[in-house]
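Mapped onto the numbering used here, the consecutive letters of the sequence shown carry residue numbers 1 to 314.
Don't read these hints as lab results, they were simulated from the structure. Hints should not be assumed to be uniformly reliable.
To be verified - List of simulated lysine to any residue pairs, SDA-like, C-alpha gap at most 25 Å:
| no. | residue 1 | residue 2 |
| --- | --- | --- |
| 1 | K312 | P260 |
| 2 | K312 | M261 |
| 3 | K241 | G279 |
To be verified - Derived Cβ-Cβ restraints for the label pairs, each shown as a range:
| no. | residue 1 | residue 2 | range |
| --- | --- | --- | --- |
| 4 | H181 | E257 | 44 to 54 Å |
| 5 | G27 | H292 | 38 to 48 Å |
| 6 | P192 | A301 | 38 to 48 Å |
| 7 | D161 | T15 | 47 to 57 Å |
| 8 | R98 | S282 | 16 to 26 Å |
| 9 | H181 | R98 | 13 to 23 Å |
| 10 | I314 | P153 | 36 to 46 Å |
| 11 | R52 | G16 | 54 to 64 Å |
Predicted model, so just to flag it, every value in this text is computed and none were measured. We treat Cβ as the ideally placed atom computed from N, Cα and C, and that holds for glycine.
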Amino acid sequence: MLQAQALDNRLVATTGDDVLVDRIVPGAPLVIAFGFVSWTSRPAFDFYGRLRKLEQVSGQPLNKILVRDSGNAWYHRQIAGLGNHVDETAQALRELVRRIAPSQLTTLGQSMGAYAAVMFGLLLDAQQIVAFGPLSFLDVQQARLYHELRWLPVMESLAQDPPLSGYYDLAALCRARATEHTQLHLLFGTRPDAANSGASASESVNLDAMHAQRLAAFGRCTLHPFPHSGHAVVQHLIDTKRINGVLASCILGLTLEAEPMPEIGAAWQDWVAENLRLGCASEQLVAVLQQHGFSLASSMAAVAAVAAARAKAI
């Protein structure tokens, strides 16, 4: 049986386990955070530091369960310490939730972890599901229909050697399991992805927005689109100093004071100057600065100042 222990950054970073249960705080909310995919190293646990930060700024202790899929199988195969397939893993998590007896349950994840957050959130009857850039299916036929080729090898592997249980269409699972008590937060970038192979050079599509729309009709779903982000929406929110506020709002319903963005420093000013010299339009440079989280006003002011200094030098 999994035992709770006091977690810290070193333990989370170095453990060989695939599931960690933090010390139990009776009656506090529980967040189950699922890790994202990694092809070059063992997948890491995710959101531990952010949840600690949320505890500090809110004054609300949290129960935490951290889960990762070392096999990069979108949580459909063995998760050591929990189960060998989805239903078995869900049952083990259900027992942990029963032992912890939290005031509310939230599932959380990004990308592969977001798929798990939606899937297990529905199977565990979580009150809140917070998913950053989830797929809405793992079905090969649908993937080809929608030209969703990013993780097609994973889908093909699951189809060729299916586990004892699996959920390959989250829209269907939502239809079966979501209720008026299911608060689903879908956070995704709307910046178009690179054109698919076989498409014209000018053709592009945002696949994460498509997946979010497939899930939007179920439960109490809130869509959170971010126009200056692609798939890596969590990193975008970190870069733009918004991730802590987003987590506080989605998990605890709290509104935090906005964190100030850093000034546009010398390195960015040099980048603007070089691109102006190469003939880039000011509007393009402003747009790029905005994509990196700087406000419209500060971006316009920085480009104008560099342009003025350049004109004076000429």
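Problem - Range hint compliance [Cβ, D161 to T15, 47 to 57 Å] - result: violated (28 Å)
Exercise for the section: Please work out if K312 and P260 have their alpha carbons no farther apart than 25 Å. Expected result: The given pair, whose Cα atoms are some 31 Å apart, is violated under the 25 Å limit.
Handout entry: Proposed proximity, G279 with K241 (alpha carbon, max 25 Å)
Key = Judged against 25 Å, a Cα distance of about 31 Å means the pair is violated.
Practice task
Evaluate the given range 38 to 48 Å for the C-beta pair formed by G27 and H292.
Solution key: Cβ of G27 to Cβ of H292: about 41 Å, so the range 38 to 48 Å holds.
Practice task
Mind checking the hinted window 38 to 48 Å against the Cβ distance between P192 and A301?
Solution key: About 28 Å separates the Cβ atoms of P192 and A301, which means 38 to 48 Å is violated.
Problem - Cβ separation of H181 and E257, checked against the hinted range 44 to 54 Å - result: violated (30 Å)
Exercise for the section: State, for the Cβ atoms of R98 and S282, whether the hinted interval 16 to 26 Å holds or is violated. Expected result: Hint violated: Cβ distance 59 Å, outside 16 to 26 Å.
Problem - Status of the given 54 to 64 Å range, CB of G16 versus CB of R52 - result: violated (22 Å)
Exercise for the section: Quickly compare the C-alpha distance for K312 and M261 to 25 Å and report which way the hint goes. Expected result: It is violated: about 29 Å lies between the C-alpha atoms, which goes past 25 Å.
Practice task
Using the Cβ atoms, figure out if I314 sits within 36 to 46 Å of P153.
Solution key: Roughly 53 Å apart at Cβ, these two residues miss the hinted range, so it is violated.
Problem - Cβ distance range 13 to 23 Å for H181 and R98, holds or violated - result: 18 Å Cβ-Cβ, so the 13 to 23 Å window holds.
The structure shown violates the earlier hints numbered 1, 2, 3, 4, 6, 7, 8, 10 and 11.
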